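Student: The hints should help you fit chain B onto chain A, whose structure is shown.
So the sequences go chain by chain: A and B. Quick note on numbering: this note's numbering labels position 485 of the first sequence as 485, and the sequence is numbered without any gaps. Quick note on numbering: this note's numbering labels position 33 of the second sequence as 1033, and the sequence is numbered without any gaps.
Honestly, the hints are just simulated from the structure, not real lab data. The structure presented is a predicted model; accordingly, all values stated were derived computationally and were not measured. By construction, the Cβ of each residue, glycine as well, lies at the ideal position given by its N, Cα and C atoms. No false leads were slipped in.
Lysine-lysine pairs mimicking DSS-like chemistry, simulated, CA-CA at most 27 Å apart:
1) A:Lys288 / B:Lys1066
2) B:Lys1033 / B:Lys1098
3) A:Lys375 / B:Lys1095
4) A:Lys136 / A:Lys288
5) A:Lys155 / A:Lys136
6) A:Lys154 / A:Lys288
7) A:Lys375 / B:Lys1098
8) A:Lys271 / A:Lys375
9) B:Lys1066 / B:Lys1033
10) A:Lys375 / A:Lys228
11) A:Lys154 / A:Lys136
12) B:Lys1033 / B:Lys1095
13) A:Lys228 / B:Lys1095
14) A:Lys288 / A:Lys155
15) B:Lys1098 / A:Lys228
Selected chain A positions facing chain B (in silico; Cβ < 8 Å):
16) Gln56
17) Glu233
18) Pro322
19) Ser326
20) Gly333
To be clear about the criterion: a stretch of chain B counts as covered by chain A if any three or more of its residues have a C-beta under 8 Å from a C-beta of chain A, and this derived list gives those stretches:
21) 1062-1073
22) 1132-1141
23) 1158-1165
24) 1168-1181
Listed here are the chains, written in short residue letters.
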Amino acid sequence: MIHQGSDKDLVLKPDVCIAGSGPGGAMIASRLSRAGASVVVLEEGGYHTKEEFDMQEATAYPRLYQDRGNRATADLSIQVLQGRAVGGGTVVNWTTSYRTPDHVLEHWRRADGLPLTPEILRPHFEEVEQRLGISKVQYDDTNPNNRTIYDGCKKLGWQVDTTSRNVRQCLRTGYCGMGCPVDAKQSATLTYLPDAVNAGAEIYADCRAEKIEWQGKRARAVIGAFLKPGTQEATGRTVRVEPRVVVVAGGAINSPVLLLRSGLDSGPVGKNTWLHPVVALGAFYDEKIEGFYGAPQSVASHHFARREEGAGFFIEAAPVHPMLASIAMPGFGAPLRAKMAMLPSVCATIALMIDGFDAGENGGTVTVRDGGGPKLDYPFTDRMYECFRAGMKAIARIHLANGAREIVSFHAEPISIRSEGDLARIDQAPLGPNRFAVFTAHQMGGCRMGSDPARSVVNPQLRHHQVENLFVVDGSVFPTSLGVNPMESIYGLASWASAHVRTAAG
Amino acid sequence: MTGSRRGLLKKTLAGAALLATAGAVPVALRRTKLREIPGGRTLHFFTPAEYSIWAAVADRILAEEKPSGAPTASQLDIAGRADIFLAPLPDADRKDLKQLLALFDNALFSVLRGGPPRTFTSMSDEEQDAHIRSWQTSRLAIQRTGYQAMKRLCCALYFSAPETYAAVGYPGPPYDLVRSVLGVRR
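Same shape as in the complex, but just chain A:
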């Protein structure tokens, strides 16, 4: 059953308590419930269904995103798009689905002593792909915002392909990021969570896991606070869950902060947070693009994913709805309004930096701020600046090859690119916090897995190094970023890890 709040204080004693209902939490809930365990899930976000998804940015972002769409690094230099709902990020992501790349698993084996191989994970990915209806997009089903990337890359001889998406009977409305209005997107709310509920799991929405009580090597309880729907404000009602096993699955920012709030600060908790930091350019075409309609993300190029000269990056599209576009577009006043007036003819193309693969990289850090919420810092480095500039130039080249009229950078003082000769200006433009727009929609790391307790928070089976009935099962355990959109990797890893959780639950 899915409970929305509670009008009384509760004490529950299930086999397993899961904090968070995104892909990691949903998968564990499904696997464990179906194996006969009693499961309680605490989710700070609300439970929302298609009837509530009105395709309006003004409604969707405050309702379905962390901090009401307001999450960012402490200095506001990176805007953080992260879901907050029953189903977590799967409710609002753009449906792009990839298995963890083989070379990433190989890097983890070599650098972190992890046992994961493509062969070990294959059956888990196959099951996930079947359950979520993941299938490859046909070129003819891409929208112009994506097709320009495909066509431009082909003209340049660069690697490019359509992506796979977790949808069934998709109308390609373009509103995945605001909650699918027709239940085409196979979010956790429509798949693994109902599976869990049908097997007896109890999900408590609008309930934030505040703290894990623990002693020695045992977690004793999870304390949850019920919230007024859509807010961070506590109702005063609480739940005390006393399970045999605790699974933390709040995602790469909320999971480390829950551990830190609970005094579980041994190891690099909150360190090595990876974001796939995103830079974007707007490409203006003479014809209509209408990037607000159509599958938002259906093409990707990994041509520059493994660069020798610096961090790799990959290229995808972002949907072009007015609010999100206006935040990213540079400048203010008349120049901004003039660009916004051309919204139907703009392509939004993004380059996502693949962070975490250089030994000198620290990534971001999550700490606890006043009031108990997360504070995220992610200092920019020269390695990032080099990658950002390379990413911007690659995007510009794609659209120049494809005949765009003008390509505009998102620097504070934007650069207008109309020919190859203009690209050098990208190298000259000043970079720095809030000198150009940077986003993230993929949060990873912060509770990294590994065999060395000094360098990791959980062991290779995702069990906490110190507290033996505590697991972390979400994107926070990734030792690096992935170089692909992370949802399917989280599902697959959680499916694999569910056997370890089940053993611990007896």
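Tutor: Relative to chain A, chain B alone:
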């Protein structure tokens, strides 16, 4: 879309210096040019002075070169919408944002940064644009952060309002398509 954050002003050296500057200004030079609050309604986050500063900022952030027929920031009462949006902010963030607004409208600080000896709310349109631009491109990270906080929230509140869709050529969500398909699938 964002508010000020994390005790940022008080936790940085530059921020502390800026706040000291703001506090040292004679009261007369701190006086904000007040605006009328539509309908005289109760404010939840802003003081009347802060509301007036935000309204003036929104007017310039969202200014058009010449009127297109789209609603103005004032017509949509972007400051009033910001007041509602910001009301649930945690205490630390509230304090931060209020300090930011006080600094932004500070005449002495304007002078120190090479601007006119007036509060932002008393400046001409051209002076206000130059003032905003000086924050946008400042060498001080704290000012760029402040600019982003104001710009993002003004834009988010304005461009997410259906009344502005026509001005950007956005037809809006495809409700008919969704309704027809849901009807068939039922």
